[in-house]
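K.L.:
Chain A is already provided as a structure; the job is to place chain B on it using the hints.
If you read the sequences in order, they're chains A and B.
According to this note's numbering, the stretch in the first sequence is residues 74 to 284, in order.
According to this note's numbering, the stretch in the second sequence is residues 339 to 921, in order.
To be clear, the hints were calculated from the coordinates, so they are not data collected in a lab.
Treat the hints with caution; some may be incorrect.
Said to hold, decoys possible - For lysine to aspartate or glutamate, the following EDC-like pairs were computed, each having C-alpha atoms within a straight-line distance of at most 20 Å:
1. A:188 to B:655
2. A:151 to B:546
3. B:831 to B:815
4. A:256 to A:184
5. B:430 to B:514
6. B:456 to A:130
7. B:843 to B:886
8. A:91 to A:130
9. A:267 to A:234
10. A:256 to A:275
11. B:755 to B:359
12. A:182 to B:813
To be verified - Okay, the calculated bits of chain A under chain B, using three or more residues with CB under 8 Å as the criterion:
13. 123 to 134
14. 148 to 154
15. 179 to 190
16. 218 to 225
17. 243 to 251
Even glycine gets a Cβ: it sits at the ideal position worked out from N, Cα and C.
Listed below, chain by chain, are the residues.
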Amino acid sequence: MNALRIEQLTISLPHGVKLCDQLSFTIEPGRVLALMGPSGSGKSSILSWITGTLATEINATGKLWLGDVSLENVPTEKRRLGLMLQQDYLFPHMSVAQNLKFGLQSGDKAEREQKISESLSNAGLAALQNANPATLSGGQRSRVSLLRSLLSEPCALLLDEPFARLDSQLRQQIREFTWDACKELPVLLVTHDKADIPVHADVLELIDHYA
Amino acid sequence: MGSSARSGMDRALRPISVFLDKLITEAVPHTVSSDRALPVLAAIGVVLLFSTPLLIGLTGTIAPAFGLMPELAPGNGFAQLLEDPRFLPALKLTIKTGVIATLLVLLFTVLALVCLHKTAWWRWMLAALPPLLAIPHAALAVGLVFLVAPSGWIVRLFSPWLTSWDRPPSDWVVPDAGGWSLIAGLVMKEAPFLLLAAAAQLPRLNVDALLKIGLTLGYSPARCWSRLILPTMYPRIRLTLFVILAFNLSVVDMALLLGPGNPPTLSVLLLSYVNEPGFRAAASAGALILAVGMAVLFVVVMLLERLIARLANQRRESGHRGHGSGLFRQIGKYLVLALTLCSILTIVALLLWSFTQRWRFPSVLPDTFTSRHWLGRSDLLLDPLLATILFALFSSIATLVAAVVWLEAERLGAVKKIDWLWYVPLFIPQITLLFGWQAASLISATDGLWITVAYAHWVYTLPYVVLILAVAWRELDPNWNNAASVLGAGYWKVLFRIRLPLLIKPVLQAMAVAVAVSVAQYLPTALLGAGRHNTLAIEVVTSFGGVDRRVIATLAVLQSLLPLIVFSLALFIPAAMQQKQRS
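Excised from the complex, chain A in its bound form (with noise of 0.2 Å):
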């Protein structure tokens, strides 16, 4: 696994506003680096930047970099990254496995299923294979929705709130599988709730631009 580097930084708005002026960090595999701020203070917007999908009107420069890999004029699609955000978005037309199998890189039928079989068990999910999506609770739509993004073996996880809608006793749960599922890889987490943050993360607050 490589490192998931980010070189001077700046995001401003369309009237004028830097939402981050020259940020710098890495994030080793392994290791979680979490975003704190108040709302507006630019969390998701570095998140959409680092993903290739900030909105056009949005000016952002700096350099993002895949181990030595540039991700700079990479699309969305070839860049590897794994993302969760707070609403699951478990694609209702699809099971819970199809779900899981659209995750999944192409290859042998027989292995595939294989794969989703044992990620399924391993997440205590086995008996939800064929279910609906609007049939789960929030706890198993959050493994789930976790599951599809590693299986499609990115090279970083970027996590967006993604505990925000959970109640309090299945957050500590979903924190605990999720840290437990990722712990190879390099992990961005956004949110503003210090509890979500696990011990061994790195911390980086943003200002709120508009106090």
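P.N.:
What follows is chain B alone, placed relative to chain A:
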């Protein structure tokens, strides 16, 4: 009308009362408390006013087709129809033009979504859609002829420097025998309708987030659309697509202007029967065949949907990411933009011709301009303009009242949702309903009356108004009502001072759509008006080919201007009101 025709009609009308009885039983709860009696009665009134002409229309078409009204429609309609050598070619042409146009509309919509969404062109495209939708069919058809005819604007743009033509070529004619001009016109008119319906679904489907997820999972943008977004979007735009298919199969005014003459489309052939003595039974039989054919095509589309869904399901599981070819998206983008530009050019061409004094071939622009077609032909313009405005005014106000009555009754729990009913006139060919309605109006001696034509406009505009308004009406937070009620406001005060002002934007948009639909109505005015109500739609269609090109252009521009003005007002008034409130 003789007694046998009346007794035939009486027999035929019996199932209508049974149907209406069932409909009201479905819509109205079994027990109605006294405070809900008024909304229930008003809502039943709306349903009866709306569904009675539909049932009478259908019955008045079915009965003559099967020889049940021999005095009005003698002979065996089906036999007459099959004896006409034009019937089968007309049916084939109708299926060809209707199906191909609908497929192209769907293709245009998908291409626009996949290739333009998230580009700088997308906003431009969305801004161009409402004005394009507002242009009446007949006006667009005339503009298209001015654009693609051998002496049209496109040829002029490239002549003589590229084509070396000093005179209009004689290699092709518009309308062409294959029906391709008609297909082009239908695509230009209906594609904005489907694209607007699809664009309205994008925020509800969280398309931005789905694209983000799909892309970060490694799928190309086109694959994200085909595997994630389109499968969830299609069920939401399916009804609109069916409405478009129904329209494309049964259109009359555009087919008269852009369709071939021999054979014409089935609707045009049937319309010619109505004007021929002794062919009314054949006209009814043909209208029935058209409706049945349409139903069969709906079933075929539904079967195809299942097949495609099964194949798509298998492909989705393969994990193939796609190559993300930028070339495909570029080609798609330019195709969509070219078609949109053509639609805009048709209107520009109409506008230019309406101010032209002399425009020799191959000049790109008129040699001399004049305003005399506008100012000097008031004899030709004013009466149709006035007639059109009166019908549009009546339709927009009467449909708004009816829609509010129904939606309020629904909100109060006095009636249940019956959205399927409002779609009925959109799914049955106009010709199938109107032949019967015309027969009934002949029997009751109401044909040619202003109110009969206005009633038909009301029936054809009400579905759009109810369906547009229903979304906003049902979604408005009930706490607004509660907040006003606890302050002591009664029912009417809450309705007029709270609900309607809060919903002013959709209310005005629905009224603008009502005006646009009414202004474009050709067949109801032609069949029920008995030639006494010459609206702009009637004038544009009947003048085409026989009157000076510049005068037709003026009529078509005038017809387009009305909905455009009303749509602009519908945008401007709420914005002005908001500004006033802020200041």
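K.L.:
Each of the hints needs a verdict: does it hold here or not?
P.N.:
Now for the hints, and whether the structure bears them out:
no.	hint	in the structure
1	A:188 to B:655	13 Å, holds
2	A:151 to B:546	18 Å, holds
3	B:831 to B:815	17 Å, holds
4	A:256 to A:184	24 Å, violated
5	B:430 to B:514	16 Å, holds
6	B:456 to A:130	11 Å, holds
7	B:843 to B:886	40 Å, violated
8	A:91 to A:130	13 Å, holds
9	A:267 to A:234	11 Å, holds
10	A:256 to A:275	14 Å, holds
11	B:755 to B:359	17 Å, holds
12	A:182 to B:813	46 Å, violated
13	123 to 134	holds (count 4)
14	148 to 154	holds (count 7)
15	179 to 190	holds (count 3)
16	218 to 225	holds (count 3)
17	243 to 251	violated (count 0)
Hint check: violations occur at hints 4, 7, 12 and 17; the rest are consistent with the structure.
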